[in-house]
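Whole structure, please, built from the sequences with the hints as guidance.
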Amino acid sequence: NAYAERWVRTARAEVTGRMLITGPGHLRAVLDEYVAHYNQHRPHRARNLRPPDADDIATAPVTDLAARMRRRKIIGGLIHEYERAA
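To convert a position in the sequence shown, counted from 1, into the working numbering, add 418.
Since no wrong hints were added, every one of them can be taken at face value.
Restraint ranges, calculated between C-beta atoms of paired labels, are given here:
no. : residue 1 : residue 2 : range
1   : Arg486    : Pro442    : 32 to 42 Å
2   : Gly495    : Pro469    : 15 to 25 Å
3   : Trp425    : Ala484    : 30 to 40 Å
4   : Glu451    : Arg502    : 17 to 27 Å
5   : Leu438    : Ala484    : 33 to 43 Å
6   : Tyr500    : Ala464    : 16 to 26 Å
7   : Ala503    : Arg427    : 30 to 40 Å
8   : Asp471    : Arg424    : 11 to 21 Å
9   : Asn466    : Arg502    : 17 to 27 Å
10  : Ile439    : Ala485    : 35 to 45 Å
Because the hints were derived from the structure by calculation, they are not lab data. Glycine included, C-beta positions come from ideal geometry on N, C-alpha and C.
This is the structure in structure tokens:
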């Protein structure tokens with residue numbers, strides 16, 4: 419299946435190829451966190467750079483370029499997610 423092969427290649431390139439996995443439990447925890455990031459935050463080209471779990475309602479464009487941003491570490495800092503600070 420081409421979709422499964424693509425996902426495995428992406429997960430290997432972004433996560434498992436960059437860290438030492440210490441056992442099956444660790445692998446499962448890392449992949450669970452990555453799947454949540456992949457489906458809820460990572461932009462996808464086929465969806466106009468929106469994540470798969472995003473609402474179909476278009477978000478308002480960013481008008482305040484000086485707005486404060488918040489960075490959240492994912493998978494021990496291997497990946498970062500950014501959002502507007504409240």
